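Chains A and B, in that order, give the protein sequences. For what it's worth, the working numbering labels the leading residue of the first sequence as 906, then goes sequentially. For what it's worth, the working numbering labels the leading residue of the second sequence as 4, then goes sequentially.
Careful: at least some of the hints might be erroneous.
Stated by the list, open to error - Sample of chain A residues with no beta-carbon within 10 Å of chain B, all distances over it, derived:
# : residue
1 : G944
2 : L1006
3 : F1083
4 : L1100
5 : H1112
6 : G1157
7 : A1217
Unchecked claim - Stretch by stretch, here's where chain A covers chain B in the computed footprint (C-beta under 8 Å, at least three residues):
#  : region
8  : 33-45
9  : 126-138
10 : 257-271
11 : 311-317
Hints in this document: simulated from the structure, not taken from any laboratory. This structure is a prediction, so every number in the text was calculated from the model and none was measured. The beta carbon of each residue, even a glycine, is placed where N, CA and C say it ideally should be.
If you want the building blocks of each chain, they are given just below.
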Amino acid sequence: MTATLAPQQLSKKRTKNAGGPSVTILAGIVIISLVSLQGVGFAAFSTDNLFLILNYLALPLLIGMFASFSLLAGVVDLSIGSMVGLSAAVFAVLATYELNLWLCAFLAVLTCLFFGCLNGIAIVGFNANPIAVTLGMLVALRGLARVVNKYDNSATLSSTDGTVIFIDGLNTFTEASFSFLPWLFVIALAFTLVLQLIISKTRYGRHIKAVGGDLTAAVRAGLPASRIKFTSLLISSGGAGIAGVLFVGKMGSSSSTLGTGMEFTVYAALMIGGYSILRGGVGNPIGGFLGLFVIAYFSNYIDNMGFDTRFADVFLGTLLLVIVYLDIRRGGEEFE
Amino acid sequence: MSINSNEQRRSPLYPRRIFFGTGDSGNILALLILWFTLIGASAINNSLFLSKTTFNAVVFNMCILGVLAIGQALIVLSGGILDLSLAVPLILTGCLSVIFYDRGWSTLPLLIFSVLISGIVGLINAFFIVVLKINPLIVTLGTGFAGGGLLLILFDRAMVNPESWIANFGISYSLGVPSAWWPMVLFTIFMHILIKYSRPGRRVVAVGGNPVAAKVSGISLKRYRFATFFFASIIAGVAGVIFAAFTPEIRPSSGTLYTLPMIAAVVLAGFSLAGGSGNFLALFISVGFLSTVPTALVFFGLESLWEPFFQGVILIVAVSLDALRTKKTVTKG
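Same shape as in the complex, but just chain A (with noise of 0.2 Å):
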């Protein structure tokens, strides 16, 4: 019954993915930018206006690059907001100490991948949920981070607030730009077109696709598929880590609601740009990229505008169920 059944099951799915997610990447661009254009006017598209773009999008995108390995393995990782914020947190502490920053930096990127380790155990050693878990997982850090921002030395009232600490070099690496081009954006950059390289060329990239589309066929390919979920999770909370290290540098300060909401915003751009939270082994980096960029645009027409922020978080929440709607027209999993 179901061998008979298999071809036509295939041949729906193709022509439903055939859509791909060209068409949310196509439909974001055009009305973000019709919209700026009407709101903004050609200012919007000035380089002025690009360099701030890609100013605030630079970390983002690496943050979302690093994720971009969990989501493809069919493991989501909802923690790496916190993750940045925990990372920053003690990043700043240690460096109020007047530790060597490489040691901080490390130290701090070390704390996010064992509590990667920790939500590896728990979704692939135990089988647990991942969602369940990383919510949990991004409360505990929101609130280790504060916790952990109260410990600092410096001259400031000890808050919880968060840690000032102005750190020259790192300051003026993460704050260099060429022309319109910010370099950490570069490098963010050049990142997504290796990890594209990764994913589309290489065979380990094609068994973390592997993995996330179909357990069962890879599991029974050989695939070593609890090994790839964990590292996929332990690459996801690196790249936070190292994200939280940069954001100190770029804003001469760790608040305690650093991070807050970015697992969404990295998230909801991811799935404009192709990626899935509730199935792996779909989207590439390009395509996040372009989705990230998006949402990048539309902050920056909020800014803009003078609007209220908290319009934003109406406008993603919809917008998430919009995008996991068409997810489901080109072949996404339905609920019953």
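Once you have looked at the hints, place chain B on chain A.
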């Protein structure tokens, strides 16, 4: 991802072995021991723990969390995975009841209207889930985020009139405990009887345990999804009125504080995230345990800053244990 995979679903006919003992009674006993260990350890650490103040703090924590957890448990039991948007009806009803009171509404229409309006949130969720077939986790993540933003725009804050019956309800006592404790107790008993002994209740369990079989045997999945999400929002709305009774100033952002503890309570109580199994009496005790944790932390000399950390850790441990138990049951066949 294996949220809906059939391997995770178990028949509701066979109770699981949990910690020790069999079935629900063993689970309740284990939770009770956990709770009393926490109370005992805190009391040994600091004898002031066993005071009227602690008792009141724990009871007040329980009042809101308990009612919310019952709504969440209904979703989990019926296979709706989780409702991450329950903070929206909570705050919506809280704010509406205050606004209606200030307009001079009498008690009964105020309660009915403010709670029913919050039910709309559940209907919106169910629409996305049933009609558009989007996974409930994503739907409620989206509606929770969008709804939270909308609440911030609509109500900056709501000040509860200290002279009002709402505020008086929060400080009044009946039968030796705060009056606000009773809605939770009544809801727990009501849901326990409903789920265990009534036909709609058994069908909720059937829909959660094995939706395919439930559908084949003639139960309308759509109707039960709409009903469970609607009633979960209504129950969260009732929690909203209690919330208004305790909070002099309701801020829309404060609702999200409850999202995680209520999930932790449901999972800790032994409700399987795959749906179809769970006991409301165990939920009562797990709510009691979780409500004691913040107060106990203070007595162990940790600041309230640590609270979210422990909430997160408890959730991760509970989810992992749940998954481990499910895994074992599956492999045992």
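Outcome of the hint check:
1. G944: At about 19 Å from chain B, G944 (chain A) clears the 10 Å cut-off, so the statement holds.
2. L1006: holds, 27 Å
3. F1083: holds, 36 Å
4. L1100: Nearest chain B Cβ is 22 Å from L1100 (chain A), so the label holds.
5. H1112: holds, 17 Å
6. G1157: holds, 24 Å
7. A1217: violated, 8 Å
8. 33-45: Coverage by chain A is violated for the region 33-45 of chain B (0 residues, Cβ < 8 Å).
9. 126-138: holds (count 6)
10. 257-271: Check passed, 4 qualifying residues.
11. 311-317: holds (count 7)
Hints 7 and 8 from the earlier list are contradicted by this structure; the remaining hints agree with it.
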